[in-house]
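A.B. asks: Fit chain B to the given chain A structure using the hints.
Line order of the protein sequences matches chains A and B. So in the working numbering, spot 269 of the first sequence is number 269, and the numbers just go up one at a time. Take the position in the second sequence, starting the count at 1, then add 474; the result is the number in the working numbering.
I should point out that these hints are in silico values taken from the structure, not numbers from a laboratory. Bear in mind the structure is a predicted one, so any value in this text is a computation, not a measurement. It is possible that some hints are incorrect.
Covered stretches of chain B, going by a simulated chain A footprint (3 or more residues, C-beta under 8 Å) [stated by the list, open to error]:
1) 492-505
2) 509-523
3) 533-542
4) 551-564
5) 589-595
6) 696-705
No more than 20 Å apart at the CA atoms, straight line, and that leaves these computed lysine to any residue pairs for SDA-like [as the list claims (entries may be wrong)]:
7) K507(B) / N247(A)
8) K144(A) / K573(B)
9) K936(B) / G901(B)
10) K573(B) / E89(A)
11) K874(B) / A488(B)
12) K779(B) / D749(B)
Yeah, the Cβ is synthetic: ideal placement off N, Cα and C, and Gly gets one too.
Number of protein chains: 2
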Amino acid sequence: MANKKITSRDVDFAQWYTDVVNAAHLSSYSNVKGCIILEPNGYAIWEKMQQTLDKMFKETGHRNVAMPMLIPENLMKKEGELINGFAPEVAWVTMGGNKQLEERMCVRPTSETLFSDYYSTVVKSYRDLPLKYNQWCSVMRWEKETRPFLRSREFWWQEGHTVHATQAEAEAETRNMLGVYEKFFREYLAIPAITGRKTEKEKFAGADYTLTIEALMYNGISLQSGTSHYFGQKFAKAYDIKFLNKNNDWEYAYQTSWGVSSRMIGALIMVHSDDDGLVLPPNIAPTQIRIVPISMDENILKIAKEYETQLKNAGYSVDTDTTDRSAGFKFAEAEVLGVPLRIEIGNRDLQNGVVTLARRDTKEKIQVSKKEDIVKSCTTLLKTIQSDMLEKATKRRDEKTYTATTLAEFEKIMNTHPGFVKADWCGNPECETRIKEIRGTKSRCILEHEKPLTGKCVVCGKHADNLVVWGIQY
Amino acid sequence: MANKKITSRDVDFAQWYTDVVNAAHLSSYSNVKGCIILEPNGYAIWEKMQQTLDKMFKETGHRNVAMPMLIPENLMKKEGELINGFAPEVAWVTMGGNKQLEERMCVRPTSETLFSDYYSTVVKSYRDLPLKYNQWCSVMRWEKETRPFLRSREFWWQEGHTVHATQAEAEAETRNMLGVYEKFFREYLAIPAITGRKTEKEKFAGADYTLTIEALMYNGISLQSGTSHYFGQKFAKAYDIKFLNKNNDWEYAYQTSWGVSSRMIGALIMVHSDDDGLVLPPNIAPTQIRIVPISMDENILKIAKEYETQLKNAGYSVDTDTTDRSAGFKFAEAEVLGVPLRIEIGNRDLQNGVVTLARRDTKEKIQVSKKEDIVKSCTTLLKTIQSDMLEKATKRRDEKTYTATTLAEFEKIMNTHPGFVKADWCGNPECETRIKEIRGTKSRCILEHEKPLTGKCVVCGKHADNLVVWGIQY
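So that you can see chain A by itself, here it is in the shape it has in the complex (with noise of 0.2 Å):
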């Protein structure tokens, strides 16, 4: 039963996204123009992702701390890079109260700028290292086009900034929260992405490097979900982070930093909703299990009861719909909100010793005796969902996952069935700029651990040490 709001992916993918955001009232636009609201349903997808990763932080080592949301411009200015990347974006503060400030103060596009200055007052030596912190918050960049999720005005993040005593600490920081977003984003999220290095051209502003996270959209385009980024000295010597080392020399101190976003509930839409509505993993779902009373009968509600209570007690997400609408009515609505599991207790059910858990991925209808405990079957078919959801996910970006030795395949891909194109490519920024033609394509990343195709640039011919993934962008 398609929910007749719902726009089908296959005939118009944007109208779907926006039709499905609004069904499961995800977030909303707002009157401030290119800024959403994060409605409860969408903002308790977010609160669990933070909760899950805030544990994962911590469990590495990381704490949480608060910047201020504003920068004063020669804070700013100071890492010539980063206000050269972030100057034609930012919104600035000019007044306070009815006064004119003496200096003008940006709202903050990213904060390695007040982390860096915070560090330089309190790092002396290097017993004080390494500092690993991470902040939560919302963060503004003024962007023309907005999308809900996806690309606003503001959106919702943490920021991970670091200060190591060596680069080695540094760069493994770097990779080990690359590490932390690949894991999360599969155990979790059930979304197979895809790691490795930007390009210069596409790594951040003042960054030494940047890895990358870049998941595949059931369209086939890519979105880029996560970044870690190694600093190396660049900020320690714009902000004067220097620390007496073991040897009691003043050395500048390496830096990283790595965040993720609110853009992670787009990639939870595009890559497993459908025309129903939201599909989501249990393991990030706000509510994993929804009860359903097929009618109001006193022996039917004693067992939703039952159930109820036993699931929670088992630590999972459970409500039971009590509500005096038809058991349609409320099977759709499970299915638009995404939630995973469903069980349906009904009369001609229980007069056959079953009940129905119903799941939301596949759509299948499972009978279980009622003798069963509900617990343990809840519990099998939860993670069955959890992993036949990545394995699908997996299966389809496979699928979209293409090689291309010479720029007319890759035309022909691009135009007709995009996905991820794997490629050769010389490292000339000049190639990168003549694949941007074919609409808009961009580098994803470098595969750090898999060999050229053919050792050929796939745009000039030159010799090719980089085998790079290619795809249109959101």
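C.D. replies: Chain B alone, transformed into the frame defined by chain A:
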């Protein structure tokens, strides 16, 4: 063993406060004027407050959302009193990228306007109501004088915003949320706050009335610690939030808002802490127990490890100080950070078959038999610490709560030993203004369940229906 860096609170309370904030590394000034940085130790307390309150909010049927951080001027202006109240103290964004904005926007000082605007788009029928939403964020008010946690241009808070179909329900919400705050202060912060209604002069701009929770600091100064506002239909009329009621008539909705902030960290410091640093109640302390091995002997470390595991499994937040510093240094550090309970494990004690539990609040050391269950001992002691801290704070508050029936008496109290002063008030704002001449004393709140002392206004002698608590405020 007093920490040398900390000024005595009986010598210079303001300096003592600053010293405790610095010594415990709670916050730091930033190079953004008037804005502070929440350092890891300070943020950890805020995080614990958030988690605890968030659970209480959810248990009372609230859901989280996120609104934009900017408010266009015309949206802000729709409700006249609110903009008049906040205009002198908002930060204005006037440029986006390199372009002047057509309409300037302020960084939210509070979000009634955004919530109301949103509610006007989603509320259609009484069936949509109530909507009980909350937001965790930071807000900005362009204060001139700032002080860590107590007053800074940016601060962190939660703002609940609810919309209801009836006045009775909205008023009940206003009161219930004040109750949630009062319970949180009592059971978690161990702060015996007083609650009541703000006078017209002191109520929130735009509110029908404001309920408040007020705490008394060690030095007798009052701290407004949280507020809960009933708006009636005021915002609904300004923002056009109408719904079809049960009689199928259009009716304006009834609203509330309520908030507490990172200011509560200031209250924790000024109510409980001492000349050795922070003192935290176990129920809000990020680290509840610290294990200190007196020496790094293998058998001691083994016991430490066992204890840590057992206590963690029992749900306590516990760590072990295995650094190579002296025991005395470790004790002092645990004290300055306010860790409620310390377990000291030393060879001499072990030879006697005991370990030592050290209370942060009283400095008392208690030897317990090695044979005792450590989880049981700690559970009992932490409960005792929690309740003793509340008792002590209540005793001090009561000792510093006075009554005055004449202005002379009132002035004498405030000039010699300030605290809460209970005195009758006729309701005339001019009498309130007269009292402000006494060291800036303001009404904290009207006590709703207590009768006037004499029935005559302490200022003008006219008939008085209100028993008011007055205080000098932060």
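A.B. asks: For every hint, state whether the structure bears it out.
C.D. replies: Consistency of the hints with the structure:
no.: 1; hint: 492-505; in the structure: holds (count 3)
no.: 2; hint: 509-523; in the structure: holds (count 10)
no.: 3; hint: 533-542; in the structure: holds (count 6)
no.: 4; hint: 551-564; in the structure: holds (count 4)
no.: 5; hint: 589-595; in the structure: holds (count 3)
no.: 6; hint: 696-705; in the structure: violated (count 0)
no.: 7; hint: K507(B) / N247(A); in the structure: 37 Å, violated
no.: 8; hint: K144(A) / K573(B); in the structure: 12 Å, holds
no.: 9; hint: K936(B) / G901(B); in the structure: 10 Å, holds
no.: 10; hint: K573(B) / E89(A); in the structure: 10 Å, holds
no.: 11; hint: K874(B) / A488(B); in the structure: 19 Å, holds
no.: 12; hint: K779(B) / D749(B); in the structure: 31 Å, violated
Comparing the model with each numbered hint stated earlier shows that hints 6, 7, 12 do not hold.
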